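Residue numbers (our numbering), protein chains in the order written: chain A, -5 to 107; chain B, 492 to 600.
The hints are simulated quantities; they were obtained by calculation from the structure and are not laboratory data.
A quick note: this is a predicted structure, and the numbers were derived from the prediction, not measured.
Every residue gets a Cβ at the ideal spot worked out from N, C-alpha and C, and that includes glycine.
Check before you lean on any hint, since a few could be wrong.
[Claimed, not checked] Result set (DSS-like, lysine-lysine): computed pairs, CA atoms no more than 27 Å apart in a straight line:
id, chain 1, residue 1, chain 2, residue 2
1, B, LYS561, A, LYS8
2, A, LYS3, B, LYS533
3, B, LYS533, A, LYS64
4, B, LYS561, A, LYS65
5, B, LYS533, B, LYS558
6, A, LYS77, B, LYS533
7, B, LYS584, A, LYS65
8, A, LYS77, B, LYS561
9, A, LYS64, B, LYS584
10, A, LYS51, B, LYS599
[Claimed, not checked] Here are the simulated distance ranges between beta carbons:
id, chain 1, residue 1, chain 2, residue 2, range
11, B, SER544, A, LEU5, 41 to 49 Å
12, A, SER67, B, PRO572, 36 to 44 Å
13, A, PRO100, B, ASP498, 44 to 52 Å
14, A, GLN50, B, GLN492, 36 to 44 Å
15, A, ASN47, B, LYS584, 22 to 30 Å
16, B, ASP569, A, THR(-1), 31 to 39 Å
17, A, ILE54, B, ASN546, 13 to 21 Å
18, B, ASP498, A, THR105, 28 to 36 Å
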Amino acid sequence: DGGITQSPKYLFRKEGQNVTLSCEQNLNHDAMYWYRQDPGQGLRLIYYSQIVNDFQKGDIAEGYSVSREKKESFPLTVTSAQKNPTAFYLCASSSSPQGNEQYFGPGTRLTVT
Amino acid sequence: QKEVEQDPGPLSVPEGAIVSLNCTYSNSAFQYFMWYRQYSRKGPELLMYTYSSGNKEDGRFTAQVDKSSKYISLFIRDSQPSDSATYLCAMLKNNDMRFGAGTRLTVKP
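Make a model of the complete structure from these sequences and hints.
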């Protein structure tokens, strides 16, 4: 089965702890993206990567970090510097250099207390 | 003013109705226009994307783009209860995707 997997589905952390969210794809897509979704708001771009070992900040990169060591994987770390980390995090990938036709994973719901 | 405006609804229609979902935008640099469907607590699913002004049809779904008015629409014909979801419009320029807040649709049997 081809697709994008995110794990875990639900994640709970204490304030002040870093946490890493997993995103894996077997679609052979070059580009990968991380978004966060908050109630009543559209998805907002955190980071994206068009190629291995390269990534770009999105609108809300502060308090987050990423790596792209393999084409298939694009993990997101939510650091303690992120002021409001509780959200639904979505990973996407695209075969297009322009970023159209982005396909999303099932998401990870992160709750920080 | 937000770059992409979408009426959040909620919108409730009877089964079989024609549904019209709309978004407006302010940035004329957007090149691609997408519609996603998102079921509760799931990732968005790409329904359609268009590049130019005009209509694009796929089964019961028709996407319409009017670049001169900065207005896009998604029409759903013969709506089904399984169409009940949140519909997100999205617009893209140079790998920068902007999403509407989503319209919540309920189709009642």
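We went through each hint and held it up to the structure:
1. B:LYS561 <-> A:LYS8: violated, 44 Å
2. A:LYS3 <-> B:LYS533: holds, 10 Å
3. B:LYS533 <-> A:LYS64: holds, 25 Å
4. B:LYS561 <-> A:LYS65: violated, 36 Å
5. B:LYS533 <-> B:LYS558: violated, 31 Å
6. A:LYS77 <-> B:LYS533: holds, 25 Å
7. B:LYS584 <-> A:LYS65: This hinted pair holds, its Cα atoms lying about 23 Å apart.
8. A:LYS77 <-> B:LYS561: Violated, at roughly 35 Å.
9. A:LYS64 <-> B:LYS584: Distance ~26 Å between LYS64 (chain A) and LYS584 (chain B) Cα, so the pair holds.
10. A:LYS51 <-> B:LYS599: violated, 42 Å
11. B:SER544 <-> A:LEU5: 41 to 49 Å: holds, 42 Å
12. A:SER67 <-> B:PRO572: 36 to 44 Å: At 38 Å between Cβs, range holds.
13. A:PRO100 <-> B:ASP498: 44 to 52 Å: violated, 27 Å
14. A:GLN50 <-> B:GLN492: 36 to 44 Å: With a Cβ separation near 25 Å, GLN50 (chain A) and GLN492 (chain B) fall outside 36 to 44 Å, so the hint is violated.
15. A:ASN47 <-> B:LYS584: 22 to 30 Å: Hint holds: Cβ distance 25 Å, inside 22 to 30 Å.
16. B:ASP569 <-> A:THR(-1): 31 to 39 Å: Because 34 Å falls inside the window, the suggested range holds.
17. A:ILE54 <-> B:ASN546: 13 to 21 Å: violated, 34 Å
18. B:ASP498 <-> A:THR105: 28 to 36 Å: Between ASP498 (chain B) and THR105 (chain A), where Cβ atoms are some 29 Å apart, the hint holds.
Going through the hint list in order, the structure does not satisfy hints 1, 4, 5, 8, 10, 13, 14 and 17.
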